[in-house]
Structure formats: structure tokens, C-alpha cells
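Below are the chains, spelled out letter by letter.
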Amino acid sequence: MKSATDKATSTKQIYLTRRSPNYWRVTFDNPPLNIFGPEAILQMKEIMAALETDEHVKVVVFDSAVEGFFLNHSDFLGKLDDLTGLPSGPTGLQAWPDILARLPRAPVVSIALIRGRATGNGSELALACDMSFASREKAILSQWEVGVGLVPGGGPMARLPRLMGRGRALEVLLGADDIGGDLAELYGYVNRSLPDAELDGFVDGLATRIASFDKRAIIDIKRLANANSLPSDVEIGAGWDACIASIVRPAAQERIKTLIERGFHKSGDVEERLGYYIGQLGR
Amino acid sequence: MKSATDKATSTKQIYLTRRSPNYWRVTFDNPPLNIFGPEAILQMKEIMAALETDEHVKVVVFDSAVEGFFLNHSDFLGKLDDLTGLPSGPTGLQAWPDILARLPRAPVVSIALIRGRATGNGSELALACDMSFASREKAILSQWEVGVGLVPGGGPMARLPRLMGRGRALEVLLGADDIGGDLAELYGYVNRSLPDAELDGFVDGLATRIASFDKRAIIDIKRLANANSLPSDVEIGAGWDACIASIVRPAAQERIKTLIERGFHKSGDVEERLGYYIGQLGR
Amino acid sequence: MKSATDKATSTKQIYLTRRSPNYWRVTFDNPPLNIFGPEAILQMKEIMAALETDEHVKVVVFDSAVEGFFLNHSDFLGKLDDLTGLPSGPTGLQAWPDILARLPRAPVVSIALIRGRATGNGSELALACDMSFASREKAILSQWEVGVGLVPGGGPMARLPRLMGRGRALEVLLGADDIGGDLAELYGYVNRSLPDAELDGFVDGLATRIASFDKRAIIDIKRLANANSLPSDVEIGAGWDACIASIVRPAAQERIKTLIERGFHKSGDVEERLGYYIGQLGR
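Protein chains in written order, with the working numbering: chain A, 1 to 283; chain B, 1 to 283; chain C, 1 to 283.
I should point out that these hints are in silico values taken from the structure, not numbers from a laboratory. Remember, predicted model here, so these are calculated numbers, not experimental data. It cannot be assumed that every hint is accurate.
[As the list claims (entries may be wrong)] In silico lysine-lysine, DSSO-like type, Cα no more than 27 Å apart, as pairs:
#1 A/Lys-79 x B/Lys-215
#2 B/Lys-266 x B/Lys-12
#3 C/Lys-45 x C/Lys-79
#4 C/Lys-12 x C/Lys-79
#5 B/Lys-45 x B/Lys-79
#6 A/Lys-45 x A/Lys-79
#7 A/Lys-257 x B/Lys-215
#8 C/Lys-215 x B/Lys-79
#9 C/Lys-215 x B/Lys-257
#10 A/Lys-12 x A/Lys-266
#11 C/Lys-79 x C/Lys-257
#12 C/Lys-12 x C/Lys-266
#13 C/Lys-45 x C/Lys-215
#14 B/Lys-12 x B/Lys-79
#15 A/Lys-45 x A/Lys-215
#16 C/Lys-79 x A/Lys-215
#17 C/Lys-45 x A/Lys-215
#18 B/Lys-138 x B/Lys-266
[Stated by the list, open to error] To be clear about the criterion: a stretch of chain A counts as covered by chain B if any three or more of its residues have a C-beta under 8 Å from a C-beta of chain B, and this derived list gives those stretches:
#19 142–151
#20 155–164
#21 169–181
#22 226–240
[Claimed, not checked] With the C-beta cut set under 8 Å, the calculated list includes, among others, these residues of chain B facing chain C:
#23 Gly-147
#24 Met-157
#25 Pro-161
#26 Gly-165
#27 Arg-168
#28 Leu-170
#29 Val-248
#30 Ala-251
#31 Gly-282
By construction, the Cβ of each residue, glycine as well, lies at the ideal position given by its N, Cα and C atoms.
Extracted from the complex, chain A is given alone in its bound form:
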């Protein structure tokens, strides 16, 4: 494999580390906010292909090197064409939903280690992982999009009701508020929330354990569980199309503009307490 992360360029935002041939880590490192733009999608695409084709990897942990942010929303300062112009993937879906549709079907166990904000793309990635564990004190999950008149594009309408039931899913999606570790655990948004001091050890222990098991048995079990728990690519695609359609509407454009004026996309309170600030936009 020739990974984006092997290139020594200034745009490197995602690091792939092989703790062993069986156990990989993928670390989001785009300070200060871990915003997730088109370049990051391209890097994820190469990592996705590696996870699908490597014969040895059994488990991959996604984590962050950026204080306060696991993985953040899309880049709203760039051009929309930079996102929608990315080549489609093997599923026929556009680049980001393509990756999210493939990750749960990949022959490797994916685990999200969530410390800091998992906003928008970050939440969507966690939901596409096979498991997720959150810092009780420091994790915040958020599908914030409706707050600026957007429809989320990476599948949460498809995944959240299956995970936590319709009522709690609609609260996450339509309340669009910041959700901390305790509530995320109660709702089943994550597998479990652990005390921050225990999170790294727990996830590393679980990943090491799974990496010691037989890959063929892992694949068969995952494939059979997937049969009744995954949305179709068509359903994921419908969500993406609704997202793209929503971005260009005046209601969204105006709210995004106002939010940027208030400090969105910059280090500070708006990014840290996004749930609060989107609740002020339409009043």
C-alpha cells in the first residue's frame, strides 16, 4: 500500500501507525480544530483501501492528536465543489459517504476512541465504526447540522435509529445539541463512556485482545452481524443527496454566514460550545 500518510507533505492530516501487523491506529491531527475537509477525505480514502486489502490487519483504532477535538465538522470556508468534485468511490457513492459505507463492511474491526468533540463528520465516523468508546469527561458528540439549516450527509439518519431507537435518534438529530459522555452512554450513542484516565488503556486492551483472535472468524462474525444491522448504500446515498441539496439553500447559507461571524471555524467558544451557539441563531 502507498498511503497518503506516507507522503511527507504539509497537508498531512491523518497519521497511520502500525502498532503491529494486526493492530493499526489512525490518528486525526489537523490542529487546532481537526476540521475535516476534502484533503482529509482523500487521505481517509487511501487508508480505507489499505484496511480493505491488507491481509494482516484485524483491528484499527481511530483517535485524535488534537486537544479538545476528536474529529470536527466539514470545511465551510472552502468551495463546495472541492467536496462534491471528489471522485466517487467503489460503492458509487461520493467520496465521504463511500468511505462510511465501506468501513462497517471492511474485514477489520474498527474502534473509535472519542476524546474531545466528535462533531458532524466526527460523529458520523464514530457511527460507522464497529464500536466506540468515549471519555466520560471529555467527549462531546454532536449532529449539529439542523442548527444551521443543513441535513447531515454522512449517514446519521440511517444509523442512529437502528442504534438507539427512533425517539432518541430524533432528539440527537433535531435537538442538535452537544451530548456528553454520560448521555451518550445512556442512549447507546457509544458502546460505553469511561473515565478519561482509563479510556486509553481500555481501548488498547480491547484492540490488542481482538488482534490476537483469528481473522477469518472475525470476518465471518462481522459479516453475519452486518446482515441485519447496516443500512443499504441507497439509504446512505439519499442522506448525502439531501445534505448537498440543503447546503445551497438561503436558510443554510445565511445561518452559516452568521455563525462564522460569531466565531465558527476559529479556536474559541463557538467551536467548543457549538450546541449553545446554534440554538441562538434563529431567535
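Starting from the known structure of chain A, fit chains B and C onto it as the hints suggest.
For chains B and C alone, coordinates are given in the frame of chain A:
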């Protein structure tokens, strides 16, 4: 719209209040027990039509003005024909299941604010809402029907397993016991249970927040989440048919008669601790 | 009915007790480990047929007479042909998955009372029951199979994601660790975990309550809830086939052999802390 609640008649049981063009409240007010008979269904039908067609409403909260009862079971003192003779609705289902099939698909976010007993119809309405929040101390949810030999008619066999998994759903349906706020939250029967003193403020805050968001984005998100989380009308109809068939069976008629003799349909202990009393009928 | 448990033979491993015509108990009693081999499957098959055909039984509770073990894994010292050579059942599935496919559809409410380890078959039986209640202190649930390179055969890939969502299901299946009462309740693996001293009384009270209700209403409610919550027989069959295929692979044979050398299939630490020991095999 010309609503049933606009008519000043002595039979008015449901009040519609517009806190703003975007945020409505629907209040059940049929003291002393908030029993839900055919007249209330007709009033709900008009409110349902208004929720579907109004261009401005984004969120509706259902609550109660009757101490101790959010919304109660059907009227067992009236004639069955008064219920089954109501005209069918647009879905082709009879009046009550028609309303419950339409509410989750309506272009408005529905929230149940549960204080007091949500027995039978009350539980069914809460399950058809997009979200529900309960008083930790004062909410009681109950699908009590099997206790008198009945099958519930308003969809809980279709909704509960999707919401909380098959095992807990069957306990609710076949144990038929009173379920308080803590257990309702643990099982995901409601989104959350809150301390009674905080419930009104929390729900009002959430409703006000959602009412500030863009209606088009709300509708698209709800539509996409519905695609994988709602039962079909056929499934709802099958439950209704089983309910109607069960009412006329001697096993049900005898148990209902005995329960009425013990105080059912009157203010007092039987209505307040229905779970206990139905457990005594068949011994 | 003429049950296997009516035969006074030295191989009797499962006892059927009729507390009343409406309320039966089925007790696993194969000391010291409650291992579940082909003979036990035959005994369960007769009990299954009785549950399906008896006109009076409304509720059955499965429990254990063996200290420390609710119901354990398959017999790995016997020949595979003794298992796969059992005659298929009415569903067309092999004997064990046939029983597990029929139990949730049977016209009787099944409740698992879990005290001690529910490992492999024990977890699968609990998942096929309509409800399950666990000892908070003494229950341990485990789908341990991937730890020895096996795919579980009795349906957990089909049932767990529907019960607790995909993420937690994959953790149970691919982490393969021992899961105690608290976590089992949090994940919805069981309906509830109760203090050990209260468990028997609670389950007996619930079973007695359900046994007092009308059988016809029970059946109709269960049938309608099943319509949206059960996997197809084909899905159960696919899991079974993957299990049988996995057993003969060298990866599994070697791990099982090593585990037996370390104390598997004997009273002691390996059986009691199986989750720990399978985590050591591949390192």
C-alpha cells in the same frame, strides 16, 4: 384551520394553544381520569390535520391538564360501535390507528411531556411521538391490556420492539405492569426521565430550540430517519384488527366487567395502581 | 406429552417441573459445569415440542440447578458427528438452531433466569427467550467463540444487533469477554439485572402474573411483536453453517486443544474466567 378545540362545547377534551406560530401545545383535559373515548379521537383528528397542513408549525408538545393522568385508556362504558363506527382516515386505517400512523410522518416534531399515567392510549400516543420526556417521580407508562384479555390496538407491538429490543418490549406488553420513570428511561421507553421540577423547563427549552430551526431541514431529517424506523400501516392495522377482535371475546368481557366492579373507570386506587389490580383478576 | 425428562435415566440433564398447568419450569442440571452436548439437545427438543402443543402452559422459566453455571458451551470432547448427525427439526434447521428458532415463536412466554455463567449455548438460549433476568452479582454472559477461532452457531449475530444495536453487539461478539450483570443490563443483553437475593422472587412473581392472563391474548400480542423483531430461519441457518464450517479449521482446532490443556472442560479457573483465558491463547 377550524379545530374541534375552537368549538366552545361541554365536550371539549383537548386544547390547542399556539405559543407561537412555530410552537404549539396540545393539552389533554378530560378530568378526572383523562379517559380517551371516541369524542377525543375526533378532536385529535382535527388537530392532526392542522399539524399536517399548517405552514409554520415546527414543533408540538403534548401534555396534560389533569393531575395524575397524562392520557388514559379507552372508554369501556361506551358502546364499541361508537369507536369502530368512526370514519376511517386518509391512511385507510380506522380513526385512532390512522392518527397514530400519521403523527410520526407529519412535517412537525412531536414531543410527549409525560406527567401522571400514560395508560393504553396514552402510552400509544407517546410511542407515536418523535420524542418523549417523563417525570421521574410522577410518570407511569402502561400497556395494561393483556391484563383484561385484550390486545393493544394503537401500535405498541409494532413500536416497542423497534425502540427497546424484543425482550424488554415483551415484558412491557406481556407483564403489563406499571412502569415508572426510572425503568422507562433504562428501557428507552422514553427519551429521558427528568426530575419533575425540571421537566417543564427542559421540554419547553427543547421545543423552543427546535422551533428556531429551519422547517425544511427538520422535515428532510425526519423523513430520512423515518425510512428505517417506522412500521408500515399494514403492521399497525394488523394490531388494531387483533385488538378489536379481542374486545368481544368472553375472556375479555368478563375481566373488564370484574375490573369495573372493583373501581375501574372511577377515581381511586384501581385507576391509580392499575398494574396491581389487573394482576389480581385471573387468580 | 411424554418428555425426555420423564425418563429415569442416568443421562437426564434437564428437568421439567409443572408448578401449575399454566406455569412450567425447565431446569438445567448437568453438573459440575452444565455443559450442553447432543444428549441435552435431544431433551430440549422434546420439551420444545411440549411447549408448542400443550393447551394450558402460558409461561416457562428456564433456570439452573448447577452452582455457578446457568448453561454452558457445547461439548468439545465428543465427536462433531454426534452434534451434526442429530435429525433436523420442523424448521428444516439442524437440531439446536431449530429449537432456538421455534422458542421465540412458541405460544408460551419464555423467561431465562440467569444465575452463573451463560456461556455460548447458555447465552444463545437466553437470547431466544422472550425475556431474561440476571443475577447482578452472579450472572456472566459470554459469546466466547471467536476466542478459539469459532463462529457462534445459535443465532447471536442475528439477535444481538436487533437487541442492543450494532456497536454493542459487535463488542459482545468480537470482544468475547465475560459480561457481568451490570453491563448486561446497561447493554440490554438482559431485560434487567437484579440483586441475587431478589431474583428468584421477582421472576416467580412475573411468571405467576403472566400465567394468570388470557392465553389467546398472550399469543396474539407475541405474534404481532415477533413480526418485526425476529430473524428469519434463513438468517439463523447462515450463522449455524458458518459455525460448523469454523469448527474444522486448524485455527480453531489448535486453540481448542490448547484451551483444553489449560483446564477447559474441567471444574476450575478456565471455565470460571473463560473470558480471561481465551484472551491469552493467541499471544
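Against the structure, the hints:
| no. | hint | in the structure |
| --- | --- | --- |
| 1 | A/Lys-79 x B/Lys-215 | holds (25 Å) |
| 2 | B/Lys-266 x B/Lys-12 | holds (20 Å) |
| 3 | C/Lys-45 x C/Lys-79 | holds (20 Å) |
| 4 | C/Lys-12 x C/Lys-79 | holds (20 Å) |
| 5 | B/Lys-45 x B/Lys-79 | holds (20 Å) |
| 6 | A/Lys-45 x A/Lys-79 | holds (20 Å) |
| 7 | A/Lys-257 x B/Lys-215 | holds (19 Å) |
| 8 | C/Lys-215 x B/Lys-79 | holds (25 Å) |
| 9 | C/Lys-215 x B/Lys-257 | holds (19 Å) |
| 10 | A/Lys-12 x A/Lys-266 | holds (20 Å) |
| 11 | C/Lys-79 x C/Lys-257 | holds (14 Å) |
| 12 | C/Lys-12 x C/Lys-266 | holds (20 Å) |
| 13 | C/Lys-45 x C/Lys-215 | holds (23 Å) |
| 14 | B/Lys-12 x B/Lys-79 | holds (20 Å) |
| 15 | A/Lys-45 x A/Lys-215 | holds (23 Å) |
| 16 | C/Lys-79 x A/Lys-215 | holds (25 Å) |
| 17 | C/Lys-45 x A/Lys-215 | violated (34 Å) |
| 18 | B/Lys-138 x B/Lys-266 | holds (20 Å) |
| 19 | 142–151 | holds (count 6) |
| 20 | 155–164 | holds (count 6) |
| 21 | 169–181 | holds (count 8) |
| 22 | 226–240 | holds (count 4) |
| 23 | Gly-147 | holds (6 Å) |
| 24 | Met-157 | holds (4 Å) |
| 25 | Pro-161 | holds (4 Å) |
| 26 | Gly-165 | holds (4 Å) |
| 27 | Arg-168 | holds (5 Å) |
| 28 | Leu-170 | holds (5 Å) |
| 29 | Val-248 | violated (12 Å) |
| 30 | Ala-251 | holds (4 Å) |
| 31 | Gly-282 | holds (3 Å) |
The earlier numbered hints that this structure contradicts are 17 and 29.
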